[in-house]
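Input sequences plus hints: build the corresponding full structure.
So the protein lines, in turn, are chains A, B and C.
Last residue of the first sequence: number 1561 in my numbering, and the count goes up by one each step with no gaps.
Last residue of the second sequence: number 300 in my numbering, and the count goes up by one each step with no gaps.
Last residue of the third sequence: number 349 in my numbering, and the count goes up by one each step with no gaps.
Heads up, none of these hints are tricks.
Subject to a maximum C-alpha distance of 27 angstroms in a straight line, what follows is the list of computed DSS-like cross-link-like pairs (lysine-lysine): (1) Lys-267/B with Lys-273/C; (2) Lys-1398/A with Lys-1226/A; (3) Lys-267/B with Lys-178/B; (4) Lys-1226/A with Lys-1409/A; (5) Lys-1226/A with Lys-1333/A; (6) Lys-1549/A with Lys-1398/A; (7) Lys-273/C with Lys-265/B; (8) Lys-1527/A with Lys-1447/A; (9) Lys-1432/A with Lys-281/B; (10) Lys-281/B with Lys-1447/A; (11) Lys-1358/A with Lys-281/B; (12) Lys-95/B with Lys-267/B; (13) Lys-154/C with Lys-121/C; (14) Lys-326/C with Lys-121/C; (15) Lys-48/C with Lys-1333/A; (16) Lys-1447/A with Lys-1432/A; (17) Lys-138/C with Lys-154/C; (18) Lys-48/C with Lys-1226/A; (19) Lys-267/B with Lys-121/C; (20) Lys-1226/A with Lys-1549/A; (21) Lys-273/C with Lys-121/C; (22) Lys-178/B with Lys-1358/A; (23) Lys-178/B with Lys-95/B; (24) Lys-48/C with Lys-1330/A.
Just so you have them, the derived chain A footprint on chain C, three or more residues with Cβ under 8 angstroms: (25) 53-66; (26) 69-77.
Here's a subset of chain B near chain A, in silico, CB distances under 8 angstroms, partners left out: (27) Val-184; (28) Cys-208; (29) Ile-222.
Hints listed in this document are in silico derivations from the structure and should not be mistaken for laboratory results.
We put the CB at the ideal spot given by N, CA and C, even for glycine.
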Amino acid sequence: MDFVFPNEQNVTWTVMIVLYPYITGLVAGAFIVSSLYHVFGRVELKAVARFSLASAFVFLLFAPLPLLMHLGQPQRAFNIMITPNFNSAMAGFGFIYTAYLIVVVMEIWFVMRHSFIARARGSGPIAWLCRVILLGNLHEDDSTRAADHKIAKFLAGLGIPMACLLHGYVGFLFGSLKANPWWSTPLMFVIFIFSAIVSGIAVLIFHYMIVARLNGWKLDQPCVRSMTKYLWGFMIIAVSLELLELMSIAYKQTEEWEVLDMLIREKLWISYVILQYLVFSLIPFFLLGINSLFNLRDRITNAMVWTAATMLLVQVLLMRWNVVVGGQLVSKSMRGFTDYFPGLWEKEGIAVAVVIFTLPFGILWVFNKIVPLFPDAVSRD
Amino acid sequence: MGDKRNTSRREMLKLMAAGSALLVFPIGPLLASEERQHGNGAKGPYWAYAIDTARCIGCCACMRGCRDENDVPEDVFRTWVERYRIGMDGEVRVDVATSIDHIFEPIEGDVANAFFVPKLCNHCEKSVCNQVCPVGAAFNTPDGVALVDQEHCIGCGYCVQACPYGSRFINPHTHMANKCTFCYHRITRGLAPACVHSCPREVRIYGDLNDPKSKLSILLRQRSYRLLKPELGTHPKCYYLGLGREVV
Amino acid sequence: MDTKPPSYRHTTRLFLVIGIALVLAVIVRSQLVPESFGEIGHYRADAIEEATQFELRHLGREACAECHDDIVDLHAKDAHARVPCESCHGAGAKHVAAEGDGEIHRPEGKQVCLICHRMLAARPGEFAQIDVEAHFAFVGVEDPQTLCVDCHSPHEPLFMDRDLRQARLHPLIHRCRDCHIGRTDDTLPRPEGHPAIFECDYCHAEVAAGFAERPHNGVRCTACHLFFKETESAGRILRDSDPRFCLLCHRDAPFRSDDAPPGIDWPDHRETMAEDDNDLDKRCIDCHQDRIHPLQTRTAAAGEE
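In structure tokens, the structure reads:
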């Protein structure tokens, strides 16, 4: 079992392509949390409503960066919109991304217009920037607020299918490749969306708790408990779907299973079975489950939920890794495997990935300097 | 299966079509296209390969020829040679020439069968690689050759993932998708592709499927052949003459 | 919450900006589509023309013949007739452009020949394959460093005295390997009950019987009567009377062992043995025919065209 086509010795889609669906997943998940508040009126999520919207925005800004890092000819990136081949799942990216970016920007504009106006009334470069963002119109009264609210609600609703589309299309892109048995499944679309929601909620909990601690804020406990339940629910769906996919191919014992079985046992045993399922799914499942079913003390709940959220962030990253890289380890000869691990300093290496993943958090910090993302935060004392 | 049952009806339809067609235009072309086995029925040539694996001696001259002709970088391959060895226990073992200097060494142990299989792009009629290219840089020419537009490719690698045959790669120098071009610059000048040209054993036969008198068309009518991964619906145009079922 | 009816006037600028941006994007996009894009299919039609522009590197035998017509002619009649020059020498365009000044590959060493001729189970049975050890033993080569080219010229490996393509068609001669796929030797012991095989002595009984009584006994017929499989049922069989062909085994060379086939010092041997000038054109078989096998019905002279 070592027959690999000679062109498969180098893996084409690297850690950048692992990072890309990971980041769009965070976008989709964070946006859906904000929509839960704006559209579905889950008022307990108000504390993180703006934060989640802003998170979706900054991650969305950086989503194309790993793709550009990966492209062989990044200066031709716009060809994807100039001459899109609509027979290709990938051709949709440019348009879906642009449309979604417009929706998110508008959503932010309408949701935070009040705060922008407050900032624009002052002086200095930030006020000037806010006036540009507001397009020079600082008028505000109850009737404009009512309009903003209505439009924001509409956009938040519209954004949900678009978030699913932006992220689901990545799943479809993998799932529709008939040449690759590890990817080729219609379930991929759905699996990607639910794992996206999991990662989105998880990153909000993870980040919110860190920010609250650093600033000495009191955590909005009902919000945390609500997010805990959402996270638990969505992770159950996501992991069930992943297991369903695995079990159905394993149970059907098709020709492909022979090679996939070996892939799981020999190449992905640690990253897939041990880490993704046994460690980073099972432990968060129990941690979140306990806190969803029982009312523990706040301190304990918060510690457990933060741990679970952080672990789920890793779980989703592992899932992306196991899908994107795992699928490429199987030779199309179905008779062998190749190997891949990114280098630290190469163009598509770990260091670049870490930088790309850290940048959105920095932009979010700047964002918060312009418009407060936690206007209702109260100090712990 | 359905063919036989429908024959009479099809004949009827054909007669009716021919009858009505007689009224307006000559029916020659209509009938001719019915008899066509391969090819796309267009006016010009429709290029394809036949590979007679039973003749291959695994010398890798095709790989050297391809590299010389097309400046293919090291470690990536537009064509390559595989050696299949089927043991007495039925186990299939395959080794691949992974450099142009590769020399297949004798391997100890009994084999029930052993043979070489040269591989190259199948220039599929319904290429997945063309379907998935997001920018329209991968295409099939009207004469049936799958090419990559080196002025338009963005180097995303989607086509590399989509090709079931491992025929595509990202060129490490140009950072674009690259593959066998059927030596388009040679066949359009009436010359054989470099791999065909270099082969000392006439293993590779290239020709025009639209020409029923081409050596290729004649061979395909005379010999049995197999296509690689036909179940994927790519309609490959590399016809492997008398190929064993073990080959993927 | 808000009791007043909503007013949308403050949104006009936003929608105007987005609208203008979208229209601009559409206009810019339409300007950026490459010229010939979509003329034939969803691709740049000019890319087809561009693909034809690549320079030629392999020029073919005709180009070689412009300067090396002697070698090309030799090559065209011998066992390597179907091996293109550029198969061993690499693409010739640079060599031609430099008007023959270097830039061509000159393969060296035994390994180069063995790329094609090494005995491998995967190689088709009818293809000439060498187990170096066995071959050296057969022709009595002692020095393992001896190169293939010490005896065989790559351009004229078997010194055929006639064009291979003119050799006569002959029914298929089977080798053990043709059925026993994967075996690399052709001298398998024949077990009892083995199916009868079409053998040389079925048709050439007299020749075969005579051959068995003479000094070459033990050499397989096909060692001299080379057989080139051409179709599933037939091939070309060779009758070679060029002295250099005999000398492939009988040359008196320093790398030969003592128990090698008798070595001949050529062409001194012919000169010392010659009785008159006519004898200087004689070939080995003109004197030594009786050492091989009886000619059946035709004399050596009648056999030649």
